[in-house]
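Trainee: Can you join these two chains into the complex? Each is in its own frame, and there are hints to help.
So the protein sequences, as listed, match chains Z and E. Letter 230 of the first sequence, counting from 1, is numbered 1646 in my numbering, and no numbers are missing. Letter 224 of the second sequence, counting from 1, is numbered 234 in my numbering, and no numbers are missing.
None of these hints come from the bench; they were simulated from the model. A few of these clues could be false.
Straight-line distance between alpha carbons at most 30 angstroms, and here's what the computed BS3-like set of lysine-lysine pairs gives [to be verified]:
{"no.": "1", "chain 1": "E", "residue 1": "K199", "chain 2": "Z", "residue 2": "K1552"}
{"no.": "2", "chain 1": "E", "residue 1": "K296", "chain 2": "Z", "residue 2": "K1533"}
{"no.": "3", "chain 1": "Z", "residue 1": "K1552", "chain 2": "E", "residue 2": "K296"}
{"no.": "4", "chain 1": "E", "residue 1": "K199", "chain 2": "Z", "residue 2": "K1636"}
{"no.": "5", "chain 1": "Z", "residue 1": "K1623", "chain 2": "Z", "residue 2": "K1538"}
{"no.": "6", "chain 1": "Z", "residue 1": "K1579", "chain 2": "E", "residue 2": "K296"}
{"no.": "7", "chain 1": "Z", "residue 1": "K1546", "chain 2": "E", "residue 2": "K199"}
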Amino acid sequence: MNENNVPMIEVKNLSKSFGVVEAVNGVSLQVFPKQVLVIIGPSGSGKSTLLRTMNWLERPTEGEVLVDGVPLSENQYRINTIRSDIGMVFQNFNLYGHLTVTENITLALRIVKKMKKEDAKKIALQQLMKVGIADKADYYPSELSGGQQQRVAIARALAMEPKVMLFDEPTSALDPEMIKEVLDVMQLLVKEGMTMVIVTHEMGFAKAAADEVIFMDLGKIVERAAPEVFFEHPACDRTKQFLSQILTH
Amino acid sequence: MAVNDRLATQKNKNGLQSIDDMQLTKKDFPWWMVTIGLVILITFLMIQINPDFKDAFNIIRAGLGVTISTTIIAYCIATLVGLLVGLGRVSESIVWRNISTIYVEIIRGVPLLVLIFFIALVLIPGFITLLNIIGDFFMDAGISGIGEKLTAIEIRSVPNNVRAIISLAVTYGAFSAEIFRAGIQSINKGQMEAARSQGMSHWQAMRCVILPQAIRNVLPALGNDLISMLKDSSLVSILAVRDITQIARLYAGHSFKFAQAYSILCVLYLTLTLILSLIMKLIERKLGNERK
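Bound conformation, chain E alone (with noise of 0.2 angstroms):
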């Protein structure tokens, strides 16, 4: 989960990718793609021929929808904080430098399956029952429209798909951030400082001329850390959210089928892995285009 690391190669990439333009290295004929592609075929062909895995295929991949969609909605949320507490990180009141901190250094220091303990069995509950207290204390005070309203949610209200999607979002959030605060400082200076002296306001100079560069080369970061999110979401399982895992173990569990559940398994997420993978070479590509 270092991010700094992920960054680090990342830059090492591009660097390659740079000099593979020049075409000073031969490029090599990409065998690990076609391994990997003979693998996942093989599944499926197995799928196909083999009637225990289709069985297993078959219910094992009804978790698909689940997985994705919990994957895309917290990656946009944990995004949208990233950017927000990225920025506070860098921000000149020293308020919320702090508070941005405290999240990030927070969050880094706790593990992943942790947190999704933590964050919905603590945090979420903890939220609704002072919700209640707040909608007690409006009831007290005779303001009854918006107190029942409060008083009425109960821990039992909020969904455990929910739950994991804002578990997730909460805690990629904090990485998401310090590859903000990174692309953000990774800008020189003088960017800033022209823009200043031109009468620009600190967020007029940040929205239209750091932030516009700063994302442009986290994107290959942001991209990565899409993958990492799409395999920890395997994690929400133990909330029993029915996502491929949760599915797959539940069929190992009473079919006694291992073999056949996680091997589909792996094979569904190196699929998804893999196709992520090659739509951000994709767009790295193509924003390496532009730049020339």
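If we strip away everything but chain Z, and leave its shape as in the complex, we get (with noise of 0.2 angstroms):
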């Protein structure tokens, strides 16, 4: 194993601006094989599209992005390749509309990873036992709540046996009460070991899960810590305001 020395995603002073606007500015980070990093900031403070980034979604202005060493690029063939490593949890879920649970599952194995029908739907029945809605696998997307949507959406993610997940902001979209059934599922993947990116308004869940926090503010990032330091004895001012508002209530 070179958990020790390669970095399962590198960012390397990276900035992404849209038009005038920089979203991101000069920004360096690694994670590490079985790392749980989360990102935290005010919203517009470019913590999604640097994670964006992460998996060529959104193109970097300046710098560079490196998954498990291989750097990412404009090749076609090669990001397709990356991504199917990469699995992404949406705000908004994005399952595909017109496919039942299962075929939201099996479509990439398919035509990404060339499976057959069997071995995927074995794969997706798995993953839905995995994240606890097993029984809705010939339900449409619209028929499911939003918990439930998130759960499926993370189930697709993992059944492509990803190195590394990205998550944004995976409970932005959804009714509270149905916060905790992700949350679940997230810990239990932390649990497991996979190595995860999120970016999240989640408090609890950072301190609980996180190996390390990374607060960002106007494109840049303003404090990186250990979940203990970082929410008992935050070193900068603007982490504490930022802190101060969202822990009041």
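Mentor: Written out as structure tokens, the structure is:
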């Protein structure tokens, strides 16, 4: 195992601007295998953009992203291969509306991994059992609650056997009573030793699950620390201010 | 011909449909359908009892085959062209995007009747002349096999009904391209991102994720296009294609039975479009049920 020297994801001096707006400005970070990195920050701080550069959904204006030592680039064939190793979970679930839950999971297995229908179905069922909704296998996404849809989306990502999972505010579009079921599944992944990068506003989850917490503001990393230190003794004033705003309620 | 308007009304229709399903509004008894049905019935009754009507009907109905086959063939080609051009309109390639946009904008900016003249009498002969020139070029180069075949094609050898079909297909291709484009763009971009994030190529995502949902959304608009095309196929009569309009015109012209000829022509179109819109309603209802 090269666990200690090759980071699963390495971001080098990355910037991304949309026109004149600098969304991400010179960020560098590393995520090692089995590590859980939580990125927090106010909206517009560039945390989602940063996450989306990690599988090339956003092309960086400057800098570089390496996944498992391989730099991401414009090469379409290679980016498709690399992406199939990176699971991504979106804020709005983005399940394929015309397909059943099972078909949502098997589609990429079949056309990207060229798997046989039966094998793909088996994997789908396994993943659905893992996230606790095997009974909804033949439902359409529109027939499920938000929490259930997000769990299907996680199962869909897991089915590809990714090396790393990216979560883009996975609970932000959910009703409060459904947040827990999704966080429980994510907690399960943490226990299994999945490498994860999570953008979230769930401070309780960050405290419990993260190995490292990064606080971003205005496109830059303001502070990074282990969660105990980060939440109890934040070093920067901006971090203190942000945490006090969130945690007072 | 404003496709966007058509899409908009379609959306309204769908909206009303779902409200109907929730039974928030009372469903009207379809008096309009009864009235139109009566008009059609009376006309066919006239055809039975009045020898003038009978005479006219028997002559005009000979064009039904041409009208229907022209419409169906042209519609199939137009849908295919529309799908390709629609994909071109949302393509990542700047070249395809521009070629598609030029095609759509040119077609939308010229009246259908003028386009039919232009395509049938300028574009197609021009294309054949071009083939002849290429043929000459091959002959000069000593490749007489292909050369002879190309130079032998004459402008006259493309019959008018083929020109009519090509004209309609090229024109309606631009309309259905806009429908497909609108359909593709109506799909949330998160669908594409999710598919790409799983390692699918742009085309795989388009084919397996975006298009199935987009096409389902635009089926009603495509159906409307078929009805429009059936009606607009009457314009090919100016190319002397013997569809029902052309035959009715000829019949009225030499018999002076304008009332008989044109009432029957109207009722024939009305019957055909009514049948088509009923079929469409059934399909829409079926899709609506499946979605639930």
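Trainee: Evaluate each hint against the coordinates.
Mentor: Each hint, compared with the structure:
Among the hinted pairs, E/K199 with Z/K1552 is consistent with the structure: their alpha-carbon atoms are about 25 angstroms apart, no more than 30 angstroms. Restraint check for E/K296 and Z/K1533: satisfied, since their Cα atoms lie roughly 28 angstroms apart, inside the 30 angstroms limit. About 23 angstroms separates the Cα atoms of Z/K1552 and E/K296, which keeps this hinted pair within 30 angstroms; it holds. A C-alpha spacing of about 27 angstroms is found between E/K199 and Z/K1636, which places the hinted pair at or below 30 angstroms, so the restraint holds.
Restraint check for Z/K1623 and Z/K1538: the C-alpha separation of about 35 angstroms exceeds 30 angstroms, so the hint is violated. Using a Cα cut-off of 30 angstroms, the hinted pair Z/K1579 and E/K296 is violated, with the two alpha carbons roughly 43 angstroms apart. Between Z/K1546 and E/K199 the CA atoms are separated by roughly 28 angstroms; this keeps the pair inside 30 angstroms, and the hint holds.
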